[in-house]
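The listed protein sequences derive, respectively, from chains E, A and W. Going by my numbering, the first residue of the first sequence is number 141, and it counts up by one from there. Going by my numbering, the first residue of the second sequence is number 11, and it counts up by one from there. Going by my numbering, the first residue of the third sequence is number 259, and it counts up by one from there.
I should point out that these hints are in silico values taken from the structure, not numbers from a laboratory. As the structure is a prediction and not an experimental result, all values here were calculated from the model. Take these hints with a grain of salt, some might be off.
Stated by the list, open to error - Dumping the calculated DSBU-like pairs for lysine-lysine here, alpha-carbon to alpha-carbon at most 30 Å: (1) Lys-209(E) <-> Lys-172(A); (2) Lys-195(E) <-> Lys-293(E); (3) Lys-209(E) <-> Lys-293(E); (4) Lys-209(E) <-> Lys-391(W); (5) Lys-444(E) <-> Lys-466(E); (6) Lys-329(A) <-> Lys-209(E); (7) Lys-156(A) <-> Lys-295(E); (8) Lys-295(E) <-> Lys-209(E); (9) Lys-329(A) <-> Lys-459(W); (10) Lys-482(E) <-> Lys-444(E); (11) Lys-444(E) <-> Lys-172(A); (12) Lys-391(W) <-> Lys-195(E); (13) Lys-309(E) <-> Lys-329(A); (14) Lys-376(E) <-> Lys-400(W); (15) Lys-156(A) <-> Lys-284(E); (16) Lys-444(E) <-> Lys-156(A); (17) Lys-466(E) <-> Lys-391(W); (18) Lys-209(E) <-> Lys-444(E); (19) Lys-466(E) <-> Lys-284(E); (20) Lys-293(E) <-> Lys-156(A); (21) Lys-468(E) <-> Lys-309(E); (22) Lys-459(W) <-> Lys-209(E); (23) Lys-329(A) <-> Lys-376(E); (24) Lys-284(E) <-> Lys-309(E); (25) Lys-309(E) <-> Lys-195(E); (26) Lys-400(W) <-> Lys-380(E).
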Amino acid sequence: MKGSKAFSTIIGALFAVVGMSTAALADPSTRIGIVAPGPHPYFTQWESAGQQAAKDFNIGVVDYRVPNKWELAAHNALLESMASQNYNAFLIFPGDPVATRPTVADLVGMGAPVISLAGCLQDPSDASFCFATDNTVAAYEAAKLLIKEMGGKGKIVHFAGFLTDPNTKVRIDAIARAVAETNGAVTVVDNITDLDVPEAAQDKINAFLATQGSNIDGIITTAWIPSVVAATALRKIGDKRIKMIGLDNDDLLMAAITDGYVSGTVVENAFAQAYVGSFAVDKLHTGCTLRSDAPWKNANRSAKLMDSGTVYVTAANLDTYHDIQKEKAKELLTSFKSNYLKCP
Amino acid sequence: MAVGPSSRRQPNEEASTALGLTLLIALAFVVFSWAAAGFSSPYNLYALTRTAALNVLLGLAMMVVIATGGLDLSIGAIGIASAMFAGYLMQDFRLHMMIAIVAALCFGGALGFCNGFVVVFARVHSFIVTLASMSIIFGAMIVLTKAESVRDLPPAFLALGKIRWFGYLSPMLMVSVAIGALIAIMLRWTDLGREILASGANSRAATLSGVRVGNRIITVHALSGILAAIAGIMLSIRNGAMVPSMAGNLGQEWLLPAFLAPVLGGTLLSGGRAWVVTTVLAAFLVTELTNGMLLMSIGEFWVQFALGSVLLLAVLLEKGRSTLMGTVEGV
Amino acid sequence: MRQEWLGLAVIAVLGFIIMASLRPAFLTPFNLFVLLSTFALAALIALGQMITLAVGQLNLSLGSIGGLVAVSFAGMMDVWHWSAAPSFVAGLALGALAGALNGILIAQFQLSAFIVTLATLAMFKGLNLALTKAQPFYDIDKIVSTFGNASLIGPIPAVLIPTVIATAVVAYILYRLPAGRQILAVGGNSSASELSGISIKRAIVTAHVMSGVLAGLAGMVAVARLQLGQPTIGEDWLISSFAAPVIGGVALTGGHVSIVGTLLAVVIVALITQGLVLFTIDPFYVQLVLGGLILLAVGLNSLRSLLPVGYSLP
Chain E
141 MKGSKAFSTI IGALFAVVGM STAALADPST RIGIVAPGPH PYFTQWESAG QQAAKDFNIG
201 VVDYRVPNKW ELAAHNALLE SMASQNYNAF LIFPGDPVAT RPTVADLVGM GAPVISLAGC
261 LQDPSDASFC FATDNTVAAY EAAKLLIKEM GGKGKIVHFA GFLTDPNTKV RIDAIARAVA
321 ETNGAVTVVD NITDLDVPEA AQDKINAFLA TQGSNIDGII TTAWIPSVVA ATALRKIGDK
381 RIKMIGLDND DLLMAAITDG YVSGTVVENA FAQAYVGSFA VDKLHTGCTL RSDAPWKNAN
441 RSAKLMDSGT VYVTAANLDT YHDIQKEKAK ELLTSFKSNY LKCP
Chain A
11 MAVGPSSRRQ PNEEASTALG LTLLIALAFV VFSWAAAGFS SPYNLYALTR TAALNVLLGL
71 AMMVVIATGG LDLSIGAIGI ASAMFAGYLM QDFRLHMMIA IVAALCFGGA LGFCNGFVVV
131 FARVHSFIVT LASMSIIFGA MIVLTKAESV RDLPPAFLAL GKIRWFGYLS PMLMVSVAIG
191 ALIAIMLRWT DLGREILASG ANSRAATLSG VRVGNRIITV HALSGILAAI AGIMLSIRNG
251 AMVPSMAGNL GQEWLLPAFL APVLGGTLLS GGRAWVVTTV LAAFLVTELT NGMLLMSIGE
311 FWVQFALGSV LLLAVLLEKG RSTLMGTVEG V
Chain W
259 MRQEWLGLAV IAVLGFIIMA SLRPAFLTPF NLFVLLSTFA LAALIALGQM ITLAVGQLNL
319 SLGSIGGLVA VSFAGMMDVW HWSAAPSFVA GLALGALAGA LNGILIAQFQ LSAFIVTLAT
379 LAMFKGLNLA LTKAQPFYDI DKIVSTFGNA SLIGPIPAVL IPTVIATAVV AYILYRLPAG
439 RQILAVGGNS SASELSGISI KRAIVTAHVM SGVLAGLAGM VAVARLQLGQ PTIGEDWLIS
499 SFAAPVIGGV ALTGGHVSIV GTLLAVVIVA LITQGLVLFT IDPFYVQLVL GGLILLAVGL
559 NSLRSLLPVG YSLP
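In isolation and in its complexed conformation, chain E is listed as follows:
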């Protein structure tokens, strides 16, 4: 077939050109790629944090990249493309806890250390470790706070993110655990997932509140966008009876807290994740290793989790939580250096 003739000519040209790229891989200066799974306001916080890290730690390149849609194929294509462009260290939020593993294996196989950020790959994986919010704790605590706000009894609805987001299932289970401890006083009416896009969130959350609003006493949201949509909906119906705990720090959500529609929100430390993460992966690339006796947590489906922590924000500490986050980032950095890292 004519196709095979084309192939052999290509192969010939190939061998001539291959040397070009392999030589470049030996470049000693670190080029970090921070890769989000898709367009989403949470991950954009990593960009500035990465830039800060580049400056403070004297790292050659720290680039934040995001595929043009939150989709596994696009995410993998972006990672493959970055690998070919000689990025030699990666901070990655998994597009899927299992389906991203082969791509990570490819990257690590090419000599680039990978830390999974804000979400863990399912063990066993080739990532050095997972640096994320321990959701078995965070979501659990958030649920307990909500239960307390509700007075210890009632019905909760859980608005969650994508099912392919490694954190979603962990959060659902953690909330179920907290609710189980009430011995039936509190029940979860529903876990509605895949709400981390504006249109789906608008339609489903509004429809739910419109039809079941009188039936529930509490809302817990564990994703950015449903937090905003639910807060806005509560404001629109003028409801202060339903207690709500949200996730992350969108401006609209914070305004709703100030005005009393939402009790509080769990803010993850995106800054620490990208800032300390950049430091960590840079060190791993330049010859350091991880200590075998490091105090890893076994949670979020990973045996090597370092908790990036959360801050529970209410109307009381609305103005100061940013500083608290920066403080915690510094603490994490110190802790990482002394307890986790081993440099020659």
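Mind docking chains A and W on chain E? Use the hints.
Frame of chain E; chains A and W shown alone:
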């Protein structure tokens, strides 16, 4: 009518299209090697061949349906549903990998068969039937799987995804090309193939010469379903998991590459003409373009625009060529 | 033909009554508001596709045009600091332009509507991504976001206004203006209409321009409801854009449309979607149901009319 002077002209048209595509592939390779850092690195070529394998299958799946003058919008849905089926067989029933894969192919074929059946017996255009079935199949799959991925696969299956030849070639591409060869043989040398092409070229004349057009339409839809299932399995091997959203919502993400390859490869939308070699080359070219553009810093967001423009250009050129040559085949 | 939509009307009313009696929450002002808001947007999308079906074609790029206009609309306000009114007009113009591109390519070069609109779908989506880098435009004119969530009177949302106006305009064009009647004529029998002196090309272009404008309008309404210029607007309009017209009795071969039927079909689909939430049935059933309805509707349609053997879409 297809038989006669135009079929004698066909091998030359096919050869010239194939030559043109090959030249474009080579040209693109040179340009991207120079303009896009890392394009010719072994890893990138490996990733490229892996994606090309998928696009070739999608192109072939659409091509066989277009050959009878129809369309199949549901290949994404069928492909993913079949892959999920195989996944569940391996995960929940612990069936052997080969059994699960064969079962998935039968499943895909059966779904395709249903498409064809409705098209023929309800006498509805395949566009609307496959639009509806796309939604039904994907919807049913999501309901049954609760949108959860299959992640617990046997190690043998996972190992398939790690095979890499010479450091830059994915064996999956060879599988796709081999399948293409089989289809080419079928179309050129078997009665089945001739009947398929005749049904597309002029269904009335074909019926008069004794071809059971309805059966052929059902055949191509079933075949398309099987090819889609293979594509779904291939993607699952690459991912090491079966993720319901891996071809986008409703499987939509597969539509553009599935149409680009046959159209660029000279397949006529009105049916009756389908060339495997050019479709395969076109699929490879499209993959190359996407891959190269992604590597270039401005490329990432313009890829969609470029692909759409290429499709448009291809049909315009084909229209221009057929008008110039005086053939009355519609695009 | 008038009786066609009677059946749909009965179904719609029945559905309404059943839902209201089983779940009193259905009749709360907020729920009706949500229902009508959903209807307002869905109706525009359905009308956009209905027009191209009328001329015997289809428009796969409907969602992409909607998305492109949506982000351009938001972008003009966010980046160029235009106020709502000029942005709105510019948005409509952009929709018209996009539709014109489709129509001219199809009519002038006699290309398949399927392939052309598939290609432009990708091109418009690409432009959308290039403009937005996949990030939404947040800073839109306050008037727009207020409009998106405001109620006119009680449960009647403000976003229903564009839909009502659009429906009236479309009806007027189709049934009163020669341009509209020509669209239907060309859709019904293009060779016969050509013989009577109707310009097929002009009818096709007109239909696609109208489709583009409606798509653009829908995109901007979506921006108003979401309160931001989200690049993913329009991505899942494909199935619903066909479902409503098909269920509403629009002939896929063209020449015959039913505006009332289409709108009733939109209502029915909205009721079904809401119903799933109401009865806490898995919301993933929506796509399954939509696809089944399309098949059912098309099956019934083909029983009614006689289709020639082996006809193909232009």
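Hint by hint, here is what the structure shows:
1. With a C-alpha separation of about 26 Å, the suggested pairing of Lys-209(E) with Lys-172(A) holds against the 30 Å cut-off.
2. Simply put, Lys-195(E) and Lys-293(E) have alpha-carbon atoms about 50 Å apart, too far for the 30 Å limit, and the pair is violated.
3. Between the alpha carbons of Lys-209(E) and Lys-293(E) the distance comes to roughly 40 Å, so the proposed pair goes past 30 Å and is violated.
4. Taking the CA atoms of Lys-209(E) and Lys-391(W), the gap is near 10 Å; set against the 30 Å cutoff, the hint holds.
5. The straight-line distance between the Cα atoms of Lys-444(E) and Lys-466(E) is roughly 23 Å, inside the 30 Å bound, and the hint therefore holds.
6. Proposed proximity of Lys-329(A) and Lys-209(E) is contradicted: the alpha carbons are some 34 Å apart, above 30 Å.
7. Between Lys-156(A) and Lys-295(E), the direct Cα distance comes to roughly 23 Å. Compliance with the 30 Å bound is thereby established for this hinted pair.
8. The hinted pair formed by Lys-295(E) and Lys-209(E) fails the criterion: a straight-line CA distance of about 35 Å is larger than 30 Å.
9. For the proposed pair Lys-329(A) and Lys-459(W), the alpha carbon gap of about 17 Å is at most 30 Å, so the pair holds.
10. Distance restraint check for Lys-482(E) and Lys-444(E): the Cα-Cα separation of roughly 16 Å lies within the 30 Å cut-off, and the hinted pair is therefore satisfied.
11. At roughly 25 Å between alpha-carbon atoms, Lys-444(E) and Lys-172(A) fall within 30 Å of each other, so this suggested pair holds.
12. Annotation: proposed proximity of Lys-391(W) to Lys-195(E) holds, straight-line Cα distance about 25 Å (limit 30 Å).
13. Pair hint Lys-309(E) plus Lys-329(A) does not hold up; C-alpha atoms about 52 Å apart against a cutoff of 30 Å.
14. Straight-line distance between C-alpha atoms of Lys-376(E) and Lys-400(W) comes to about 16 Å, which keeps the hinted pair within the 30 Å bound.
15. Proximity of Lys-156(A) to Lys-284(E) is assessed by CA-CA distance (about 27 Å); at most 30 Å being required, the pair is judged to hold.
16. At roughly 29 Å between alpha-carbon atoms, Lys-444(E) and Lys-156(A) fall within 30 Å of each other, so this suggested pair holds.
17. Note on Lys-466(E) and Lys-391(W): the hinted pairing holds, with a Cα-Cα distance of about 29 Å set against a maximum of 30 Å.
18. Proximity of Lys-209(E) to Lys-444(E) is assessed by CA-CA distance (about 29 Å); at most 30 Å being required, the pair is judged to hold.
19. For the hint pairing Lys-466(E) with Lys-284(E), the CA-to-CA distance comes to about 26 Å; that is within 30 Å, so the pair holds.
20. In summary, the hint linking Lys-293(E) to Lys-156(A) is supported, as the alpha carbons are separated by about 29 Å, within the 30 Å threshold.
21. Taking the CA atoms of Lys-468(E) and Lys-309(E), the gap is about 26 Å. The hint holds against a cut of 30 Å.
22. Using a Cα cut-off of 30 Å, the hinted pair Lys-459(W) and Lys-209(E) is violated, with the two alpha carbons roughly 37 Å apart.
23. The hinted pair formed by Lys-329(A) and Lys-376(E) fails the criterion: a straight-line CA distance of about 55 Å is larger than 30 Å.
24. With a C-alpha separation of about 18 Å, the suggested pairing of Lys-284(E) with Lys-309(E) holds against the 30 Å cut-off.
25. For the hint pairing Lys-309(E) with Lys-195(E), the CA-to-CA distance comes to about 36 Å; that exceeds 30 Å, so the pair is violated.
26. For a cut-off of 30 Å, the pair hint linking Lys-400(W) to Lys-380(E) stands: about 25 Å separates their Cα positions.
Against the hints set out earlier in the document, violations occur for numbers 2, 3, 6, 8, 13, 22, 23 and 25.
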